[in-house]
Every structure is written in C-alpha cells, then in structure tokens.
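Given chain A's structure and the hints, the job is docking chains B, C, D, E and F onto it.
There are 6 protein chains.
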Amino acid sequence: MTKLAARIAAAQTSIFKVVFPNTTNHYKTLFGGEALKMMDEVAFIAATRFSRKTMVTVSSSKVDFTMPIPADTIIEVQGAITRVGRTSVDVQVNIYKEEMYEEGRVLAVQGLFTMVAVDENKEPVPVIDV
Amino acid sequence: MTKLAARIAAAQTSIFKVVFPNTTNHYKTLFGGEALKMMDEVAFIAATRFSRKTMVTVSSSKVDFTMPIPADTIIEVQGAITRVGRTSVDVQVNIYKEEMYEEGRVLAVQGLFTMVAVDENKEPVPVIDV
Amino acid sequence: MTKLAARIAAAQTSIFKVVFPNTTNHYKTLFGGEALKMMDEVAFIAATRFSRKTMVTVSSSKVDFTMPIPADTIIEVQGAITRVGRTSVDVQVNIYKEEMYEEGRVLAVQGLFTMVAVDENKEPVPVIDV
Amino acid sequence: MTKLAARIAAAQTSIFKVVFPNTTNHYKTLFGGEALKMMDEVAFIAATRFSRKTMVTVSSSKVDFTMPIPADTIIEVQGAITRVGRTSVDVQVNIYKEEMYEEGRVLAVQGLFTMVAVDENKEPVPVIDV
Amino acid sequence: MTKLAARIAAAQTSIFKVVFPNTTNHYKTLFGGEALKMMDEVAFIAATRFSRKTMVTVSSSKVDFTMPIPADTIIEVQGAITRVGRTSVDVQVNIYKEEMYEEGRVLAVQGLFTMVAVDENKEPVPVIDV
Amino acid sequence: MTKLAARIAAAQTSIFKVVFPNTTNHYKTLFGGEALKMMDEVAFIAATRFSRKTMVTVSSSKVDFTMPIPADTIIEVQGAITRVGRTSVDVQVNIYKEEMYEEGRVLAVQGLFTMVAVDENKEPVPVIDV
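Residue numbers (the numbering used here), protein chains in the order written: chain A, 230 to 359; chain B, 230 to 359; chain C, 230 to 359; chain D, 230 to 359; chain E, 230 to 359; chain F, 230 to 359.
These are calculated hints, taken from the structure and not from any lab test. Mixed in with the good hints, there may be bad ones.
Have a look at the derived ranges for each label pair, beta carbon to beta carbon [to be verified]:
hint : chain 1 : residue 1 : chain 2 : residue 2 : range
1    : B       : Ala235    : F       : Pro250    : 43 to 49 Å
2    : A       : Glu328    : B       : Ala234    : 41 to 47 Å
3    : E       : Lys257    : A       : Met296    : 25 to 31 Å
4    : B       : Lys232    : C       : Glu328    : 17 to 23 Å
5    : C       : Ile357    : A       : Thr295    : 34 to 40 Å
6    : C       : Met296    : B       : Ala234    : 28 to 34 Å
7    : A       : Lys351    : E       : Lys257    : 44 to 50 Å
8    : C       : Glu328    : A       : Lys351    : 44 to 50 Å
9    : E       : Glu331    : C       : Glu332    : 38 to 44 Å
10   : A       : Glu328    : B       : Thr295    : 37 to 43 Å
11   : A       : Ile357    : F       : Val335    : 42 to 48 Å
Predicted, not measured: the structure shown is a model, and the values here were computed from it. Just so you know, even glycine gets a beta-carbon here, dropped at the ideal spot from N, CA and C.
Chain A on its own, in the form it takes in the complex (with noise of 0.2 Å):
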C-alpha cells in the first residue's frame, strides 16, 4: 500500500446513531435535512483526518432518497476520500442502513462533499505539504 493510500485508509470516519422518532417526519422517516447534516460532519472529519488543515465544504453533490429511512433503526454513515486535488478533496459518504431488531443492511443514501484546505486569510493552501 502506498503512502497516500495507507493515509485515505486511515481517514476513513464512521458514525452510528439510532434514529429516533424525534428527528422523524409526519411520516416517520428520517428528515432529509438530518441526513444531509450528519453527511457533512462525517465528510468535514474524513476530510479534516486525512489533512489536518483546516477544511470547509466548497459543495455537496445531487443526493437522491430514493429509500426511506424509517425510526427504530439504526444507520451507519460511512466517509472515505476518492478524490485527492491541490487543494481540495472527495469525500464520498454512504449511508447504510439496518434493521435494529433484525440482522443485515442496505445502502440507503450516497452523496459525494468537496472539501478545500484553507489558510488563516480563508485562500485555498495545499491539502498535503509536500
């Protein structure tokens, strides 16, 4: 494994969290909002472990929820970086879902954050010192 890959390997952030009925909708079902907030974080955290500079997020792709993420369950959303820029990084965040009552998962929503390094003046600084 290379340098750089040991360092994603590394980078890679995951948090579990038991979705209660009270950040559910009407209708039960996780607010999109909060999934697209616990998205970022995990994406600021990847981002911020492989760097360590300062990173902030310049745009969050199309996310699709396409899969309803209902109360009493519990979901896992995964942060691994895909793409290594000057300045900035991928961070691709999944979120798994599972059944707290029953075993096995399905990956419920995708969304992929850009992240860029930033200096004290709030200009882009490279993600690595080379």
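Frame of chain A, contents of chains B, C, D, E and F only:
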C-alpha cells in the same frame, strides 16, 4: 393572478436565524451541513403549506457554498415553489446573509429540493386534489 | 413611505416552524416556554435588523396562551417594530398557527418585547444614529 | 403547617444551570428567551408536582430583565406556588445568579406563571380533588 | 454548624426535569447515558459552588441502574459534597423519581463523582483557600 | 472465526465526533458527562447490533478521566462486546483522541457498560436465541 399562482405565493416560507459561534466550524463559518439542514426544513414547510399533504424529500440538487457565512451574521432561508408536477414539487431555497451591524444583504447559497406527496402506504399521490 | 417607515418594513422578521411532538407537553400542545423563547428570538432579530446595534431584551409583556398550539401544526412567528424610542424599540410578536393538512391560519399568541441598544460598557445608546 | 401549606412546600422546584457562552447573545448575556423558557419549565414542574394533574400555561406576567445574566455564571431558577384557585395555580418564578468563582447571589429576574389543570377534552378541572 | 458544614450545605444543588419520550429508549425508559450526563452536571455545579474554583471530573463511580426511569415521570437530580480533600471533593449524586400524576418518590440511581480543582496550567490546586 | 466471534466482530460500533467549544467546560475540556453519555450510546448500539433485542443499561463501571479532552480535537468512541452472558453482555468502550491538525491518537478514557436484553414486560430474556 391565477389560483395556482396565488397558492404558490401563499406557500412562500421564510426562516430568519442568527448564526451563532456554536454552529460554526473552526474557521468561524456556518457548517455546510447546518445550511443543508435548514434548507431542507424550509423546503418541507413550503411544500406542505402548498399541498397540505404529507411530503418527503426525494432529492437535493448540487449545492455550492462559494461564499462563507461567518458567525455573528443574520441569515434568511427562503423557500418558494418553482415547479408543480403531478405527485411532486420543486422548492427553490435561497440563503441571504446580512451583517448584524451593517445594512445590506447578499444571496449566499442556492439549492433545489424535490418533494413528493405520499399516502399512508408510502405511495405517491397527487400534490393537489383535482 | 418615510425613511423610518421603510426601515421598519425592512426589519420585519419571520420564522416558520413545524411543531413536533418532542417540543410539546403531555397534553400534546407546545410548551408556553418554547413559544416565549421563539418570540424573544424573533424580537431580537427584528430589533437588530432595524437598528444594526447590539440589542438586549429589557422586558416581555404579559402573554396569554388562550389557544393551545397542538403537535403537527405549522406556526409562523412574526415580529414587527411598533415603537421607536431614543434608546429602545418595541417589537410586537404574533404567532399564527396553520393545520399541516388543512387551509387557513389563526392568530394564536401575541406579545410585546422591549429591546434596548447598548454599547460595550452596557450603557444605553441611541437606536438610530442621527 | 396545614395540609395545603405542606403540599405547597413539597412542590417547590429548583433548576440549577451553568450559563454557557453558547446560550448567550453577542453581548455575552443570557437571552431573555432562554430565561423565559426555563421559567416556564420550572412553573410547569412545580404546578404538576402540586396538583398531579395535566397542567398547561395560560399566561406569563410582564417580566423585567433589568439585570443582565452574563456567561460563566450559575443560575438557580426557583418556582413556588403562590395562589391556589379552583382550576388554576400561580407559580412565582425567581432566577438567582451566582458568580462561578465568587461567593454570593442576587435575585436577577422574577415572573408569575398561571397554570390551569385540564382533562383529556382540554376542559379545566379542579386542581385538587376534594 | 461549623463553617465547613455551612459551606457544604450551601453548595447543595438540585435539578428537576421532566423525562420526555424524546430522551428515552425504545423501551420508554431514560437512557443510562442521559442520567450519567445530568449526574455529572449536578456534580460539577455543586463542586463549583463549594470551591468557587475551576473543577474537572476525574472519575465517576460504578453506577447501577437497577430501577428504570420511564417517560412521563419527573426526576430530581441532587448533588451534595460528601468528602473534602486537599485538591478534590467527592459529590454524592442521587436521582429521585416521581410519577407525574401520583404522590410519592423513590431513590432510583446513585453515584459518586470525584472533582478536582485546577489552575490555568491544569495543575491541581487547593479546593479551599486557607 | 466461530459464529459468535463473527457476530461480535460485526457488532463493533464507532462514533467520530469533533469536540466543539460548546460542549466543553470553562477549562476548555470535554465535560465528563458528555463523554459518559456518548459511551452509553455506543454501548447501546453495539449491544443492540449484537443481540437484535431491546437492550437497557444496567450498570456503568468506574470511569477515570485521567487525560483531559480539549476543545478542537477529534474523538472516536469505540464499543466492542467483551462478555456474552445468558441475558446480558458487557461492552468495553474506549475513547481515542486525535489532534485536529496533527497526526497520532491516544487512548483517553475507558469504561465497561453492562446491558441486559428485556422483553415487553421488562423481564430479562436470552441475549441470543438458541
């Protein structure tokens, strides 16, 4: 104004918010995820007020955060229906930012949220009863 | 419209919110305290947008909760400047409630918040620079 | 002590809280709305502990915030029954503030909350069973 | 009463709280973690009010949750200093639970939190100035 | 790997989190109570994912906070099943901390949470169906 146009006008939805330091990152700007969450919330309320049906988010468009939203600014998150389909609507969501202690505002973030009307069996239903 | 009237109009502030079961009491209506908190927040934003100074609440008026606000309704909390003094303003705050799945809205709660402009030494200063 | 006086004494309710910077405004004092929310919460608990019925807030009195409550102080929000009517009670709520790192406390905010006992049909019922 | 005993008595700290369904698990009882968080908060406030120094938690004792705390009960989390060392204090924290709509209370959870006084360099300092 | 070992491996649960200043005390370190709450949450999810039964916390072990967790660090809270009894499991929970802008991580806090499987009548049931 047609009846539909009146209904669209009446559904316009707005949330003002102070960006406090505790919702900002290390760089003292609003997290992308917080902005996405508020945008989805406004889209949900606007779509519900338009249709008076149970609405769920099916997709969020690509969102660019080209302009940072620093702590101690006031934002207005505005949602307006821009397309009415048979079982879904599009809600354009704009975030305007204002300095707390200066005049003027700028359009800082834009996104499009597609919301679908569903019945109790999670099947799409017409957005407007005919 | 005079310059002051225009400034008052521009300062009008609105927050839409879904009343979820998790902000309601055992009786499934919004807590009075949640309503008071949102009313003060709207008053603070309206007063700040009017004066562009640091504003603090000096008093809230008697507030009557004669009409309950049940879970699964949408509310709009609206604030508007109704008096401009030398160092303070009054903000009238109204809460309108709408059924999520029916047309129509009613005025449910009203209150008056007095906000004063202060400098760094916590001394009152003119609300508007002359 | 009469039975009623004993019941009033037993219903006294207290919440201590550290005022953290994230609940304060730009001026570093507790938002009026946060204080009002805590006062209503204490009134609700005191009234419930007195009556053991479902209680709802029907009004809050005029509340003056003459003394600011800065970040990094400790507050105690105290509620006590001061009037027992047929279907309602008044709860006097006082907020005391203490410096974290100095002795002494002062009474900073006072308010009166009127709470009514209701049945499942939202009709007022006697506060105390006779 | 000695001066120390008076100081211990004055530092007693109490937080009443309604256990709402949104802080309970699928089984409708308060999460152990929510109870632990409130116990630490009460211990922190009691220790700070006793010493008027910056206090940090150094350990929590074994805590048994033998009795579940269901939704729609009222709890009181009480903290009292039980040992005063040179640079640390022990705070005994008890959680009492009351039915909302019945008389009586029971001791439901107990724990001991050890808090140490620290200076700006994170070095232990005497709890009480001599 | 035995079937039980595989099931234990599959139940491993992880939550990454940025320690923001608003969850830290005056001393700018994470509150003990916040750490305990996250540890219980991870234990609950790990135990649920192992057993697929309703789990409740019956005890938390003594927890030492010998190393402070300052603001602006990233933590990973990891839970793993370490004992499988008839009606209960033990979950070992470790908190690792990483500087945001430096490489490396250290084990900062450890605890053991015992979780029991219960049925609808709150009676213990076997953790694994045989």
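Against the structure, the hints:
| no. | hint | in the structure |
| --- | --- | --- |
| 1 | Ala235(B) x Pro250(F): 43 to 49 Å | holds (47 Å) |
| 2 | Glu328(A) x Ala234(B): 41 to 47 Å | holds (45 Å) |
| 3 | Lys257(E) x Met296(A): 25 to 31 Å | holds (28 Å) |
| 4 | Lys232(B) x Glu328(C): 17 to 23 Å | holds (20 Å) |
| 5 | Ile357(C) x Thr295(A): 34 to 40 Å | violated (53 Å) |
| 6 | Met296(C) x Ala234(B): 28 to 34 Å | holds (31 Å) |
| 7 | Lys351(A) x Lys257(E): 44 to 50 Å | holds (48 Å) |
| 8 | Glu328(C) x Lys351(A): 44 to 50 Å | holds (45 Å) |
| 9 | Glu331(E) x Glu332(C): 38 to 44 Å | holds (42 Å) |
| 10 | Glu328(A) x Thr295(B): 37 to 43 Å | holds (40 Å) |
| 11 | Ile357(A) x Val335(F): 42 to 48 Å | violated (23 Å) |
The structure does not agree with the numbered hints 5, 11 stated previously, though it agrees with the rest.
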